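Visitor: Listed below, chain by chain, are the residues.
Protein chains: 2
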Amino acid sequence: MARRLGKYTLAFDRPPRVISFAAVGGKKEGEGPLGNAFDRIFSDAYLGKDSFEEAESELQRQALTIAMSKGEITPDKVQYLFAGDLLNQCVGSTMGVGTFGIPQVGIYGACSTMALGMIMASGFVEGGLAHTAGAVTSSHFCASERQFRFPLEYGGQRPQTAGWTATASGAVLLGERTAGISVTHGIVGRVTALGVTDANNMGAAMAPAAADTILHFFEDTHMTPADFDLIMTGDLGKVGSRLLCELTRQNGLEISVCHGDCGLNLYHEQEQDVHAGGSGCGCCASVLCARILPSLCKGELKRVLFVATGSLHSTTTVQQGLPISGIAHGVVLSAE
Amino acid sequence: MARRLGKYTLAFDRPPRVISFAAVGGKKEGEGPLGNAFDRIFSDAYLGKDSFEEAESELQRQALTIAMSKGEITPDKVQYLFAGDLLNQCVGSTMGVGTFGIPQVGIYGACSTMALGMIMASGFVEGGLAHTAGAVTSSHFCASERQFRFPLEYGGQRPQTAGWTATASGAVLLGERTAGISVTHGIVGRVTALGVTDANNMGAAMAPAAADTILHFFEDTHMTPADFDLIMTGDLGKVGSRLLCELTRQNGLEISVCHGDCGLNLYHEQEQDVHAGGSGCGCCASVLCARILPSLCKGELKRVLFVATGSLHSTTTVQQGLPISGIAHGVVLSAE
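Those sequence lines, one after another, are chains Y and C. Mapping of the first sequence onto the numbering used here: position 336 corresponds to residue 548, and the numbering continues sequentially without gaps. Mapping of the second sequence onto the numbering used here: position 256 corresponds to residue 468, and the numbering continues sequentially without gaps.
No wet-lab data here; the hints were simulated from the structure. These numbers come from a predicted model, not from an experiment. Mixed in with the good hints, there may be bad ones.
It does not matter which identical chain is meant; a pair holds if it fits inside one copy or across any two.
[Unchecked claim] Derived lysine-lysine pairs resembling BS3-like cross-links, with alpha carbons at most 30 Å apart: (1) Lys239 to Lys261; (2) Lys261 to Lys514; (3) Lys219 to Lys282; (4) Lys289 to Lys219; (5) Lys219 to Lys510; (6) Lys282 to Lys450; (7) Lys289 to Lys450; (8) Lys289 to Lys510; (9) Lys510 to Lys261; (10) Lys450 to Lys239; (11) Lys239 to Lys510.
Model the full structure from these sequences, guided by the hints.
Guide: Pasting the structure below:
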């Protein structure tokens, strides 16, 4: 049974375990520092499909297929899929993993989707609502650019505060097991807005949300950053990471010693010209599945606080000049 | 503890109860057959805001505010909000109920969002993850038309198979109580596509999903339609409702005697010129809160199977000629 700690945190006493996971990515992601850690890299941006949107769907399908295969699980053994993405009306997930015939819970958390899906899947397993549940998400640079910014052909310039939407997907299967990486805590974030209106500076828009969730987590659990090998946010990038550490410091919490950000892990910062860092739902999903979970498996990491952040805007709200809200959801992953 | 019945259905043995609920709507909804049953009607399509999108957000905020007030609950007593809508990136929910500071789980199910939110909230309460949780959603005719079809000023003609997106919102609070309307079962749907590509005939695109969920529910529970006063879908409208009854009949299940559809309840069919019927997340959310739940409270209905359907397309997938998928999520509401 889950226990509520403090005001916002769930502690899972019979923690759901990671059964398997997979990360897939595009050419640029394959050339990054985690290139060899991906389960599969696609050099064709279309993945053999007719559009970038269908290509993004294929990324999700591939990630889940590989995760199921690694876990020796068939779709009929997965009771629920928690899936979402950045495309309007989450069509990446509908067209992608919707084809497996698994009961599907559409979730929306922008780039925080992976953590949100893991909390939901963990809660469902821990609460006795499912034996096995999956969390999956994706993003595609080309689909995202033309939806949120400009068609690629336009060749728009990107400011230094802008992130680079990852062409990637990650899938995690969780279940009732007695061994393996466990999800011991979950914390659902609150919508937070501090008045940022620049859609090319999402790190700044999301940092307050990350701070809110992280501060609440440590207050609720009475743990300290020293209890963690890594506090991994995603994807604040360069600008947002600096702001986050400053915001938590102002509130008496020093996290910079063990803080990392998925957006700063996926690409070679200088050579790959990604400005503020990686972003998009697929960024932290793939860093989770290509770096964090493998390191926990190998014992290189013991305990990680994984906090994924999302920027909750649309082109309409940005054009209307409305402030950009952020949200951050977190889970604790433990090797024990 | 929840039990799994058959392959897809959850039975809640310690069923979450409806604490309170509220429905708000626009002028046209106020002139419909449920006009007097709404908690509040707004004659101004902008609700005093600067844009239709902000107006939709205000609908959600109003619905939740009234529901909390009726339940004598303050935001800090609500552990989770499950909220989503049809606007790109679900900004209606972010800007709407995001302002209450309640941990927020973004969900996406198009017009099925209300039922999805109720399953999630019920599961979280039953699974011991929350004492109190809310489900809320909305739609706004003017925001939806310009996003999915044409700007209103264009004056586009609507085919007879098209629905009318409701300007409405519904909010339900669920919790651990011993009395009140209970949520006894929940069933999460699967993504279903039978090749419909006409975004002006969503009833046809969603009917197979509704049939899938309803057939699974009766197979899993060994109940029959005779166990229900009402099987209420939303929003298949005229076209989809006929198809649903035909599809279930072909599979040996006769539901037409007790079948109703939210899309056929919200407006006066002839006088209000809504063609196939009401649609949009706000339609079945407001029919639930203005008609179904009040009738259960009064004892006019004893047990209702509420199945909300969603059409999972975006303008991009429609323009690409891709088939429109549907999904349907269901809950059983019992007066006992």
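Visitor: Does each hint fit the structure? Answer for all of them.
Guide: Here is how each hint holds up against the structure:
no., hint, result
1, Lys239 to Lys261, "within (16 Å within a copy, 45 Å between copies)"
2, Lys261 to Lys514, "neither (40 Å within a copy, 50 Å between copies)"
3, Lys219 to Lys282, "between (37 Å within a copy, 23 Å between copies)"
4, Lys289 to Lys219, "between (34 Å within a copy, 10 Å between copies)"
5, Lys219 to Lys510, "neither (34 Å within a copy, 36 Å between copies)"
6, Lys282 to Lys450, "neither (34 Å within a copy, 46 Å between copies)"
7, Lys289 to Lys450, "neither (41 Å within a copy, 36 Å between copies)"
8, Lys289 to Lys510, "within (27 Å within a copy, 41 Å between copies)"
9, Lys510 to Lys261, "neither (36 Å within a copy, 54 Å between copies)"
10, Lys450 to Lys239, "within (23 Å within a copy, 48 Å between copies)"
11, Lys239 to Lys510, "within (26 Å within a copy, 61 Å between copies)"
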